[in-house]
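Engineer: Spelled out from the first residue to the last, the chains are:
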Amino acid sequence: MILREPYMPVETKSLADTVFTKDLTFERTDAALSLAHIFFAFAALLLGGVAGVLQGLVRGGMIELPLSIGYYQLLTAHGVLMALVFTTFFIIGFMYSGITKTLGGKLLPLSRKLGWSGFVLMAAGTVIATVCILLNQATVLYTFYAPMKASPYFYIALALLVVGSWLSGFGMFYSYKQWRKTNPSKLSPLFAFMAVVTMLMWLIATLGVAATVLVQFIPWSFGWVETIDVMVSRTLFWYFGHPLVYFWLLPAYICWYVIIPKIIGGKIFSDSLARLSFLLLLLFSIPVGFHHQLMEPGIPSVWKYIQVVLTFMVVVPSLMTAFSLFASFETFGRSKGAKGLFGWVKFLPWKDVRFFAPFMGMLIFIPAGAGGIINASNQMNGVVHNTLWVTGHFHLTVATSVAMTFFGITYWLIPAMTGRVLTPRMNRLGIIQSIIWLVGMFFMSGPMHAVGLLGSPRRTAYTTYSDNAAAVGWMPYHVAMAVGGMILFVGVVLMIYNIVAMLNMPKGHTEYPIGETAEAPENTPKLFERWSVWIGLVIVLILIAYAIPFADMLQNPAPGSKPFVTW
Amino acid sequence: MWLTFGLVMLGVFLLVLGIGTFARGMAPPTSEHHHSIDPEKVMETPPFDKPGLEKIGDNEYNAYMVALAFGFNPEKMEVPAGATIHFQVTSPDVVHGFQIPGTNVNMMVVPGQVNHLSHTFKKPGEYLIICNEYCGVGHQFMATTIIVK
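Protein sequences appear in the order of chains W and A. Under our numbering, the first residue of the first sequence is numbered 13, with each subsequent residue one higher. Under our numbering, the first residue of the second sequence is numbered 3, with each subsequent residue one higher.
It is worth saying that the hints were derived from the structure and are not from the lab. Glycine included, each C-beta is placed from N, C-alpha and C at the ideal position. There's no promise every hint is true.
As the list claims (entries may be wrong) - The following residues of chain A were derived to be distant from chain W, with all beta-carbon distances above 12 Å:
id	residue
1	Asp60
2	Tyr63
3	Val150
Said to hold, decoys possible - With a straight-line cut-off of 30 Å between C-alpha atoms, the simulated DSS-like cross-links for lysine-lysine are:
id	chain 1	residue 1	chain 2	residue 2
4	A	Lys52	A	Lys124
5	A	Lys52	W	Lys574
6	W	Lys348	W	Lys279
7	A	Lys43	W	Lys574
8	W	Lys279	W	Lys193
9	W	Lys358	W	Lys348
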């Protein structure tokens, strides 16, 4: 008989806890922070998906909405929930998990606090914005162009979303800074470096949207000032609007650069190439907003062209990324004995959803990027501007390349955070979900591109323009889009099912996959972490691109606009 | 090597865009010299007080147009085939779009600004002009036509 000391039961309890936490990658509180973001993101995906499929059916002429719901109301909900809420919550949840993993395995108390405060502010903003949209008080689309005036609370909600994301960003910066302080001679982990670049870009970019919302929209929507300068608000919006799309993309790049090599069993091709491409993306993501305003008055052609040139600089890090990813795949295949030019392809783990979904995202990014080059060319933009082509374009970039990468991340992130193991059945369901998504997107985005070239406008409810022959000719494409939308909705529902089912998988340890570099880390130049240099360069480029035309807008303002509610 | 090839191609591409824009006059629509207007007084500011066509040369016209929720003014226009039209468009209310499907005519109409774009209509036919920027509940009905004879 063993003598039990009084403290023994306590000891046993903590032992049981250790057994459980052994399966967990992180402490429970840190895992909870990431999981809260991820679950919130997928709830937004479900709601946004409902709005999306209904829109598709209306535009295809297949259904009519019950009187109280408007097409543009659904469009606003779809845009806000998908483009702003799903993405931002997922990105912050994912990057917080990677920061925790790579910077010591445990969040610093201040970072944890900032992360939760950010979550609360963003969640509050989302709820308020959604209520405004449902009450039909904010049917202004997610771009909320002045002088359409939504409820002031809609703008406040957007401000809460942005400020919340800043707090999360500060939490990540703090973790990174403290790690560097305690590891002065070491190169920072690649994941953490990339997360810092992403949040830095986000912080600099959101200054524009914060400025227009706080200085222009909120006072004007409350009636404290009479008019708003429309061109200034549009310019500030698009100063933010293009880096927004890179904010969606960079976390997907983190997965491609850092996670995927580990999942296939290979190595990261080059640490310094990866860091350099992120720094170039930081530099050339912001001073480029005019390429969204090519068709607008009030901006001289020469400034539009300068920003077009800066936009195309992004081709450089994109080529570097494509090169290093496929170099990593090929090196791995050859190490397994692959022969011939493309023999390495069959050594990749095609049946693993954690690889398959993001890889399909990468492949789709090739045509998606080519479409982007067309959009940003100042003459070709005239053919596609505000047509469904553009909608087709970003359903390939953000809704396929980025979304599929995020889906692929989910299949190991949720198991790692909850101390469970992905079952073969769940893996198979994941592959099926990915294929449904690809097929749905083929039927939706393909016709969007085609009918956009024919001239069918985006953001427009069902119409044949009094049976105009050209517009009637667009209808078969719109029907195909609706079919694609229905397939995609099945994909959304299956994704939600998969997430719920993953919470019931058997307990066990799932590794958080962080890739290692093929080369020695000493090869990475120290300069890459001299942030003053990079932030300085960003500021210089922004000043070159914006200072003169923006100062001109402020000095020679066009007469302002009073608010309009046209819905 | 591939990276160099990519960079050279990028340079060539940007050069083509630049030459197109500045040497061949294919710049996107804009108002180069501050062409602003008070959106509240569009209907009383010439030439928008009398929207319509103005013949300025041999088969060459200025078209002064107002885009408003939810239609265009004037409602119908007619020109002979081969006509060059210099569109000048503004808005008294929210932001609108101005697009003629099947052509490269596509521009934003922003209140407070007058946007400019020219096009030569070589083939006869009925051309649809639509608003391609969401402007409110009746946005999908906002259209007019130009008849080219």
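Engineer: List in ascending order the numbers of the hints, as given earlier, that are violated by the structure.
Structural biologist: Hints that this structure does not satisfy do not exist here, as all of them hold.
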